[in-house]
Amino acid sequence: MRQSTKSTIGVITLGVLGASWYLGQSATAVSSGGFAAPAPINSSNSGSSATSAGSETTNPGSSSSGSQSSPTPSKSATKHSTKTSASGSSSSTSTGSSSSNGSDTSSSSTNSGSASGTTGSTTDTTGAASVTKSGSPVESGFGVVQVSVTKANGKITNITMLQANASHGRDAAFPYLIQYAVAANSANFANLSGATYTTNAFKQSLESALAKF
Amino acid sequence: MEQTTTKRPLILVKPKTSIRLGVRKWNELKRGQDIIEALAWATVVFVTAIFFIDGGAKDLSSALNITSAIDRLTALVATDLLLIDILLVSRIPWIDHYYGQDKATVAHKKLGKPILYLVLAHFFSSVLQYAIGDGKNVVSEFFAMLQIQDLLFGTFALALMVAVVVTSLNFARKAISYEAWYLIHVLSYGSVLAAVPHQFSTGNDIAGKPIAQVYWIAFYLFVLVNVVWYRVARPVLRSMRASVRVAGVVRESSDTVSVYVTGRKVATLGGEAGQFYMLRIMTPSQWWRPHPFSISAAPNENFVRFTIGNRGDDTAMMQHLKAGTRVMLEGPYGVFTEDRRTKEKVVLMAAGIGIPPIRALAESMAARPGDVTIVYRLRDQGDASLLDEVREIARRRGFYLHILDGKRGIGTSWMNVDEHRRTDRERFEYMAPDIRNSDVYICGPTQWTHSVIKTLKEIGTEDRLIHAEEFAW
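These protein sequences, in sequence, are chains B and L.
Per our numbering, the very first residue in the first sequence carries number 1; after that it's consecutive.
Per our numbering, the very first residue in the second sequence carries number 214; after that it's consecutive.
Do not take every clue at face value.
[Said to hold, decoys possible] Looking from chain B toward chain L, a few residues come up when the C-beta cut is under 10 Å (computed):
#1 Tyr22
#2 Gly24
#3 Ser26
#4 Val131
#5 Phe142
#6 Val144
#7 Asn185
#8 Leu210
These are computed hints drawn from the structure, not numbers from a lab.
Note that the structure is a prediction, hence the values are computed from the model and not measured.
The beta-carbon is built from N, C-alpha and C at its ideal position, and this holds for glycine as well.
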């Protein structure tokens, strides 16, 4: 390469890398424990307000308003304490499952296998009968995944994790997967990047559960 | 076709009547090279920039995040460079046109080790990252990761890549046979392919990111298409169409023969004087071992001719090729051609078995009488290949011919012994008075070529006027 070209390219390179670095500092996606948290999704089913990753605030008592706090994958490398969200939601419009119990404000407790052990604890109190079915357990490569699905009026109203095993920080994927599945009302939603195996296992278990309806 | 045992009458092609000269041609070449290099560099900058924009290096506060960032960035850059490295040896015409296969091969070799280091860094940081995230030790984490099929493939790919690079290191290359090296090197394609699944399934930077996805799929496909077409499909198709065979073998000296290759449509092969083909002898033991040989006669409608010296390896066998033997020709390749010429005056220099491309260039170059000076260094005028032909060409076309025969001069001289004790430089300037203002084409043993270039630099010939074919195979 000629010297003049080299200098020009060098300057442009520094500029591009510098600019992209700067842009990256305000990026919402945070790589943590191996998979990148996706941008919060908005749909009629899930709420519109989603707290950004790493935020310490949740909305106490917001479950009935239809808005749902986005699950926030923890940036810390430590294992998250398992938390059960047994109370569920009373409103049929709320997706409930992945939202934390209003009173809890610790961000790290909102994710990771949120409901292991709580089978079918969710009941829908409004009108239509809601039915809960369990899916088959599926080995993802990172651990066994098994879901339980609650449906009312042909809509998925709640998904709980019967088994939520995913090593390498992949467990942080479950709240997102639940959110996606409820929004899509099926197992037909985009894979979560960086947690593809966990996603696939989740979908498989979900499909086996949906097939029972 | 019967085996030729007597020399054919010398039939020469009509020389070119015009050639574009001037420094602008050189500048265009340099501009093209700059664009190619800038594009290659841009791909590396692009993947790095996308990584930054995604926030890949946003939070480097913990060991986990740092290893994760190293893991991803090294993987991206290594994959990008690896694809470029494959392109360099896929015999793409525009790479050949701008750089020549020899320079491309040299670049390919140079890039090999840095890529391996990046992939190793990716591997270790990745295991470390997961071990930190899982709170396990590195070894058990590694075996846990092997449970995942795509990562198992990825590890396999790494092992292959280590084998490829290590066996290509100079000391190892000497220790193992060509066959072993070749087989391992072919496996490098397997290495690249085995690494693909985990890039798309577990890669943070590809799955679910449309721009990155489009980029990587496009790049992979581009490389795949180029390799399949230019390395495999096109040579096979062209050879089949021309259906080339050995027509005859003519002894040129005690240790060189000319191999005439003909076929139905040999004229369609094209090419230029100074170029070379990868020649494959299509026998059960030889078909997979291509050898580069320059054509020793300008491209014509009747035959392709190689003049092959016996160097004790496969070239020994080629001294006794039978007429009718099927061969396959890949090419022609190379930039040791008139295309690179920018001056009216030309000096053509050969030593020993470096004569074939020089002989072909002398035959077909656009030149007036007196424009071209040929310098031929050899041991014994009675046993020099193509000497009669070179003499005949010089006589017919009015070129100067200097034959430097006999023992080598003292010290670092690249000429023969001079009874007047002049330096190489003095003699060179005497033989080719226009040497500063001439294009110089040099073909000979590496040591000799370097000595000539050294003298040229002393004289003050510009780099762009020096054309030397480097055999890097």
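Here is what the structure says about each hint:
1. Tyr22: With a closest approach of 8 Å, the Tyr22(B) hint holds.
2. Gly24: 4 Å, holds
3. Ser26: 8 Å, holds
4. Val131: Violated. Min distance 32 Å.
5. Phe142: 8 Å, holds
6. Val144: Nearest chain L Cβ about 13 Å off; hint violated.
7. Asn185: 20 Å, violated
8. Leu210: 23 Å, violated
Of the hints listed earlier, those the structure fails to meet are numbers 4, 6, 7, 8, in rising order.
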